[in-house]
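In order, the protein sequence lines correspond to chains D and P.
Read in this note's numbering, the first sequence has 82 at position 82, and its numbers run on one by one without any break.
So the mapping is simple: this note's numbering equals the position in the second sequence, first residue as 1, plus 1000.
Everything labelled a hint here was simulated from the structure, so no lab data went into it.
One should not assume that every hint holds.
Here are the simulated DSSO-like cross-link-like pairs (lysine-lysine), alpha carbons at most 30 Å apart as the crow flies [unchecked claim]: (1) P:K1460 <-> D:K13; (2) D:K13 <-> P:K1360; (3) P:K1460 <-> D:K63.
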Amino acid sequence: MILTNLPIGENAKVISVNGNNRITKRLMEMGVVPGVSVRVIKSAPFGDPLEICVRGYHLAMRKSEADTIQVQSPKSKIQSSE
Amino acid sequence: MNSKIITAAEKQGAANGGQSGKSSIVIALAGNPNAGKTTLFNALTGLRQKVANYPGVTVERKEGVWRLNGSEKTARLIDLPGLYSLDATSLDEQIARDVLTGKLLDLPKPDVIVAVVDATNLERNLYLVTQLLEYKIPVVIALTMVDVAEKQSLEIDTQKLSELLKISVVEVKAPQKLGIDELAAKVLETAHNKSVLDNNLFFNSNSADDLDFIHLSLQDNGEINKKIFARYNFISDVYQESVKPKQTNERSFSEKIDRILTHKVFGLLILVAILLFVFQTIFSWANLPMDLLEKGFGALGDSVRANLSEGILTDLLVDGVIAGVGGVLVFLPQILLLFLFLSILEDTGYMARAAFLLDKLMSRVGLHGKAFVPLLSSFACAIPGIMATRTIESPKDRLATIMIAPFMSCSARLPVYTLMIGTFFAGQTLFGFLSLGAVLILAMYALGIVVAVAVAWILKRTILKSPPPPFVMELPPYRLPNVQNVLLNMFNNGWQFLKRAGTVILAISIILWALTAFPRSTELETPSQAISQNQIAPGSQEPAVVGSTEENCGCSLEGAKKIEEEKQGLALRNSYAGQLGHLIEPVIAPLGFDWKIGVALIASFAAREVLVSTLSIIYNVGKDSNEESEGLIDAVRNAKKDDGSPAWTPLTALTLMVFFVLAIQCMSTVAVVRRETNSWSWTLFMVFYMTALAYAAAFLTYQVGKLLGFG
C-alpha cells in the first residue's frame, strides 16, 4: 500500500520510492529509502500535509509525495503470508 | 607524498594571490539545518564574523576568523548554508558545492571541512558527511547535542564512529564552549596530515571532478537514487555498530508539544494568537523608537539648518540627505523587532510548524507554506516581509512571494486612508450602524489581498511556472532559542538592510529632493527672514500662479507663516516635480486627478505617507500638518482645479485610495526588492506592473463611479 493510506500511528517498512524526479531524490536524501521503517504521526488541519517519523526524526510531506512511497505494514505482511 | 602536498598547497596559495596568507588555513563549516551549526560558528568566531552575499545570488555568505589554539594560528572559517545534501538542486546546495570544489573566485578550496552532526539525528546527518567524504577534502566531525541524545537513551560510541568513518569525531557543546580546543587540535592535525584522503568507503571514484560528472550524467536514469541508497546502507551499518538505542515506546517531548501546537483546531488558534501577539508587539514596541528617530532626525535637520548658512547645500543636506536617511532609519526598529521574533520562531522550531499548518491553504494559490509569514509581516511593512522570504528555498516561489508582498496594506498606507476618510467619509454610516470609514479601510485591505492572490496565481502559471516545490520538510525538535544566535541574526539583518537599501534610498531621496527643489526662481532664493520682514513683496508677485489657492487658505492663515507656506507652495509648483505634475496631468485626468495630485503622486513615490506632507505644501497649509489636521482637511475639501471645479470629490478620494493599495509608491521597497532579487529587471518589472495595475484599477473605479452618478 502507499504511505498515504497507512493508518496514523502504525509502523511500516518502505518497499520502494517510485518516480525519478526531484521529489523522489529529496525524499531519499532525507532518509526515506527502501527498507527503512516509517510511522505516520498526523495530518495537518486541512488534511494535508502529513507528518511522519523516519530514522528518529519528524518529516512533513504532502500527500501527493507520500503517494509515491510504497510501504508494507507488519499486519499486511501477516495477511499476505496466510 | 608529503612534499607533493606542500607544493599543491603552495600552488593554491599562489593562485589566490596570497589572499589567505601563509599561516592561515581555510575551513568550511557544513551541516544540516538545525544541527547546531550557527551556534558552533558563533562560538568559534565570536564577533569576528562578517555577513555578505555570494556574488550574484542572495545566499548569505558568512565568514569569520577562528583562532585555533589561542591566537598563534588563525583560520578563515566559512559557514556554508544549512544543507541536507550536496546534489545541487537548490541554490544553497549549489553554492556549497562551489565552495567545496574551490570554484568561487575569491575563495580557495577549503583545507578542512568541519561537519556538524546532530547526535539525536545521526543517520540523516551522516548522509551529508558521506557526500563530503566523496569530495576528497579532509573532514572532521563536530558531534553536537550529545547530552540531548543521552537523555533520549541513545548511547553513541564516538570512538567506534571515528574508526568506522576513518575520520576524527569530536564531541562539542558549543554554548558552553566545551570540546572547542579538541576540535581545533583535530582540525590542525587533519590539515597537516592529509593521509585521510583515501576514503573510498562505499563506492570508488577517483576525483571530485569525476564524481561531479557522475552526479550530472546519472541524474536522468535513476542511478543517482541507487547512490543515495548505497550511502544510506553504509550509514545504517555504521549506525548499528556505533549506537546502542534503548528502544522505548515513549513519545518524544516534541511530539507531546505538537499534540497541541499542530492540533487541527487548537493549532490554528494558537498560530493566530502567536502572530497577533508578534505584530501587536512590533507595532507597539516600535512606536516609541520610531517616533524618537523621526523627531531626532527632524531636530537634526533643524539644527543643521540653524547652524549652516542658507543655501542649496544646506537644503540638499537637510531635505535630501538627512530626510532620506531618516526615512530609512525610521523602519529599523520594526525590522529589528520582526527579525527578533522570526529568529525566535525559527530557532525554537515553530516556524516549520506554521508552514506545516498552512501549506494546504497556501498551495491553492501555488505558493509554499513558508510564504505565509513573510506575507503577514508585510501588513506591518513590506520591507521586513520581503527580507523574511529568505526562508523559502525555491527561487521561483520566493520571487512570486516578493512580487505580491507589497500588496499587503502596510502601516504607511494608513495616513493616506485616514486623510481621505477623514475628509470625505467621516461620521457617515452604512446601514445605520457600520462606520463607513472602517468598512472602507477593511475593503482596502481586502482589495490588496485579493489582488495579491490573483497575481500569485497568474505568476505561478506563467513566468514563474515551476513544478510544485517538494514540501518534504523537516519538523525539527522543539528547542530553546540560543540568545547569541537570535541577537546576532537580528543585528546582522538590520545592518544588511541599512547598508544595501540605505545607499539606494539615499540616492533616490536626493533625486526626489532635486525634483522638488529645482529650478529655483531668484525671489525664492531670498532668505526667509528677509521675506518675513518684507511680507508684501512676494505675495504680490504670485497671483497668476496661486489662483484658486488664495481663496482657500488666504482667509484662515495670516502673516509670515502664511507667506512662508505660500512660498513653499510656489516653489513646488515651479519645480521639476510641479512641471512633471503638469506633464502627467493628461494621463491622470481619466482618474479624476489634477496636476497637483500628480505632484503628490510623484513625490510620494519616495514613501506613501509623503502624500500627506506634499498635499500640505501644495495647498499651502504647512509641511507639518498631519492627516488629522483640520487645516489640511479643509484645504482638500475646498481645493479647486484650474478650471474652478472642485479638485476632490468622494469618488476622487476613493480612487486615490484604490491607487495607493496597488501602486508600489515606496522607494525603500524598491531598494529592498533590488537587493533581495539581485536583479534590476525583476525590480523594474514590479514597479511597472504594480503601477499599471494601480492605474487600471483607479481608472475603473473613477469611470464606473462616474457612470453610476457618483462624483
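Hints versus structure:
no.	hint	verdict
1	P:K1460 <-> D:K13	violated (36 Å)
2	D:K13 <-> P:K1360	holds (27 Å)
3	P:K1460 <-> D:K63	holds (21 Å)
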